[in-house]
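Asker: Read off the chains here:
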Amino acid sequence: MSVTERVAAHPGLRRWSWVVGAAVVWVAAYWANPYLWDWLLFDVLALDPDSRLGSGVHFFFYDTVKIGLLLTGIIFAVTVLRSFMSVERTRTILGGKREGVGNVVAAGLGVVTPFCSCSAVPAFIGFVAAGVPIGVTMSFLIASPMVNEVAIALLLGLFGLGPTLLYIGAGLTVAIVGGMVLGRLHAERWVEPFVFETRLRGKVIDPAIGLTWDDRLQMGREEVVTILRKIWPYLLVGIGLGAVIHGWAPEDLFARYAGAGNPLAVPVAVLIGVPLYSNAAGVLPLVEALHDKGLPMGTLLAFMMAVVALSLPEMILLRRVLKPRLIATFIGVVAAGILAVGYLFNAVLA
Amino acid sequence: MNIKILGSGCANCVNLERAAREAAAELGLDAEFEKVTDYGDIAAYGVMRTPGLVVDEQVVLSGRVPTAAQVKELLAPLAG
Numbered sequence: 001m002s003v004t005e006r007v008a009a010h011p012g013l014r015r016w017s018w019v020v021g022a023a024v025v026w027v028a029a030y031w032a033n034p035y036l037w038d039w040l041l042f043d044v045l046a047l048d049p050d051s052r053l054g055s056g057v058h059f060f061f062y063d064t065v066k067i068g069l070l071l072t073g074i075i076f077a078v079t080v081l082r083s084f085m086s087v088e089r090t091r092t093i094l095g096g097k098r099e100g101v102g103n104v105v106a107a108g109l110g111v112v113t114p115f116c117s118c119s120a121v122p123a124f125i126g127f128v129a130a131g132v133p134i135g136v137t138m139s140f141l142i143a144s145p146m147v148n149e150v151a152i153a154l155l156l157g158l159f160g161l162g163p164t165l166l167y168i169g170a171g172l173t174v175a176i177v178g179g180m181v182l183g184r185l186h187a188e189r190w191v192e193p194f195v196f197e198t199r200l201r202g203k204v205i206d207p208a209i210g211l212t213w214d215d216r217l218q219m220g221r222e223e224v225v226t227i228l229r230k231i232w233p234y235l236l237v238g239i240g241l242g243a244v245i246h247g248w249a250p251e252d253l254f255a256r257y258a259g260a261g262n263p264l265a266v267p268v269a270v271l272i273g274v275p276l277y278s279n280a281a282g283v284l285p286l287v288e289a290l291h292d293k294g295l296p297m298g299t300l301l302a303f304m305m306a307v308v309a310l311s312l313p314e315m316i317l318l319r320r321v322l323k324p325r326l327i328a329t330f331i332g333v334v335a336a337g338i339l340a341v342g343y344l345f346n347a348v349l350a
Numbered sequence: 001m002n003i004k005i006l007g008s009g010c011a012n013c014v015n016l017e018r019a020a021r022e023a024a025a026e027l028g029l030d031a032e033f034e035k036v037t038d039y040g041d042i043a044a045y046g047v048m049r050t051p052g053l054v055v056d057e058q059v060v061l062s063g064r065v066p067t068a069a070q071v072k073e074l075l076a077p078l079a080g
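Heads up: the sequence lines are chains W and P, in that order.
Mapping the first sequence onto the numbering used here, position 253 (from 1) lands on 253, and the numbers just tick up by one.
Mapping the second sequence onto the numbering used here, position 34 (from 1) lands on 34, and the numbers just tick up by one.
Everything labelled a hint here was simulated from the structure, so no lab data went into it.
C-beta atoms are modelled at their ideal positions from N, C-alpha and C, and glycine is treated no differently.
All the given hints hold, so there is nothing to weed out.
Now the stretches of chain P that chain W is said to cover, found in silico as 3 or more residues with beta-carbon under 8 Å:
{"#": "1", "segment": "39-48"}
{"#": "2", "segment": "57-67"}
Between beta-carbon pairs, the in silico distance windows are:
{"#": "3", "chain 1": "W", "residue 1": "R189", "chain 2": "P", "residue 2": "N2", "range": "36 to 44 Å"}
{"#": "4", "chain 1": "W", "residue 1": "R216", "chain 2": "P", "residue 2": "R18", "range": "20 to 28 Å"}
{"#": "5", "chain 1": "W", "residue 1": "V112", "chain 2": "P", "residue 2": "A25", "range": "35 to 43 Å"}
{"#": "6", "chain 1": "P", "residue 1": "D38", "chain 2": "W", "residue 2": "A29", "range": "43 to 51 Å"}
{"#": "7", "chain 1": "P", "residue 1": "E34", "chain 2": "W", "residue 2": "I209", "range": "24 to 32 Å"}
{"#": "8", "chain 1": "P", "residue 1": "R18", "chain 2": "W", "residue 2": "R256", "range": "54 to 62 Å"}
{"#": "9", "chain 1": "W", "residue 1": "A29", "chain 2": "P", "residue 2": "N2", "range": "46 to 54 Å"}
{"#": "10", "chain 1": "P", "residue 1": "N15", "chain 2": "W", "residue 2": "G131", "range": "31 to 39 Å"}
{"#": "11", "chain 1": "W", "residue 1": "W213", "chain 2": "P", "residue 2": "R18", "range": "20 to 28 Å"}
{"#": "12", "chain 1": "W", "residue 1": "R216", "chain 2": "P", "residue 2": "C10", "range": "18 to 26 Å"}
{"#": "13", "chain 1": "P", "residue 1": "C10", "chain 2": "W", "residue 2": "R256", "range": "41 to 49 Å"}
{"#": "14", "chain 1": "W", "residue 1": "L156", "chain 2": "P", "residue 2": "Q58", "range": "37 to 45 Å"}
{"#": "15", "chain 1": "W", "residue 1": "V44", "chain 2": "P", "residue 2": "T67", "range": "42 to 50 Å"}
Here are a few chain W residues that face chain P, going by a calculated C-beta distance under 7 Å:
{"#": "16", "residue": "C118"}
{"#": "17", "residue": "I125"}
{"#": "18", "residue": "R320"}
Take these sequences, add in the hints, and give me the full structure.
Answerer: Take a look at the structure:
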């Protein structure tokens, strides 16, 4: 039997050679990306790398390919890994936890559980009906969008491991402390009463059980396509704006008005971030360009957190189960946490 | 057979309903379809990730959009 026949005869072998092949292509493309654009733009098209046009255009194409590759790789890997977890399992784990330990576990599970904020309402009801304390549930709901795979992929690729770990640590801290504060405030007063009256009937099925490797890999592929299809316009606009800032904005423009010396920079960054819902993909290229122009990391992390963690559409959805008082408190607590992170990092990293 | 699609009207629910209708048609099932959009009702089924598929009051699937072939596999043993 030839190699191709042997591979074709074994579904397992075929599956894993597909995965390994894709990984090799991915690494090669990632490695070749800077050389490709250097060669094409500067050698073939003879653009000047030191000119505004040259550096702006190079930034745009190089970043588009790099971010596209990072997103594809990390979304795929994260989705496959997360297919071993489920919201149902998370709820079972959190069911017996008290506040304190429960908040820490909930924030951690918020990172690893497959979850979309579009399911925030049924998940909230499901958690509370199963006896998970409100504060613990909130820790989960804060951590889940904040420490998400798109943000991690982009931070890792654009800023490296240090700032990524910083972001994850800060995000988890805001989620843990925020949930604890909401628990202490007895936030259950401000939950719509029907939530507590919801009785769970029937047997809960755990979607993570009974999946084959082929299912998990298929879910990874589908998730990559779904997310990229959703975010590509924001991504291109973000990279385009980033390229303009990169090529044309004067060196000290942003640093002068929004540098570490201006105490208003962090709250303004948070205010700008809130309406930019869920566009971590569009925002990070901007963050990268602004960082190059001398904006401090704390301000930029606060901006990013506000973008991903405080989303207007999610608040509107949550209104279904939370009274306005709790929504306002929730926003206030999370925003305070984000501000603290911004000031702290500006002070520490300066 | 009563088939319920759980979800608040997102794209996933539409896709799930399409897959379920296709599967039921291919199996020649006499199924009535219902949409459950109220969050309280959805949560009462224990579904925490939409969309969800409920057959004769039993949750058979939640949290992802299956293909019509996968729904067929789920429906076939319940058709009896």
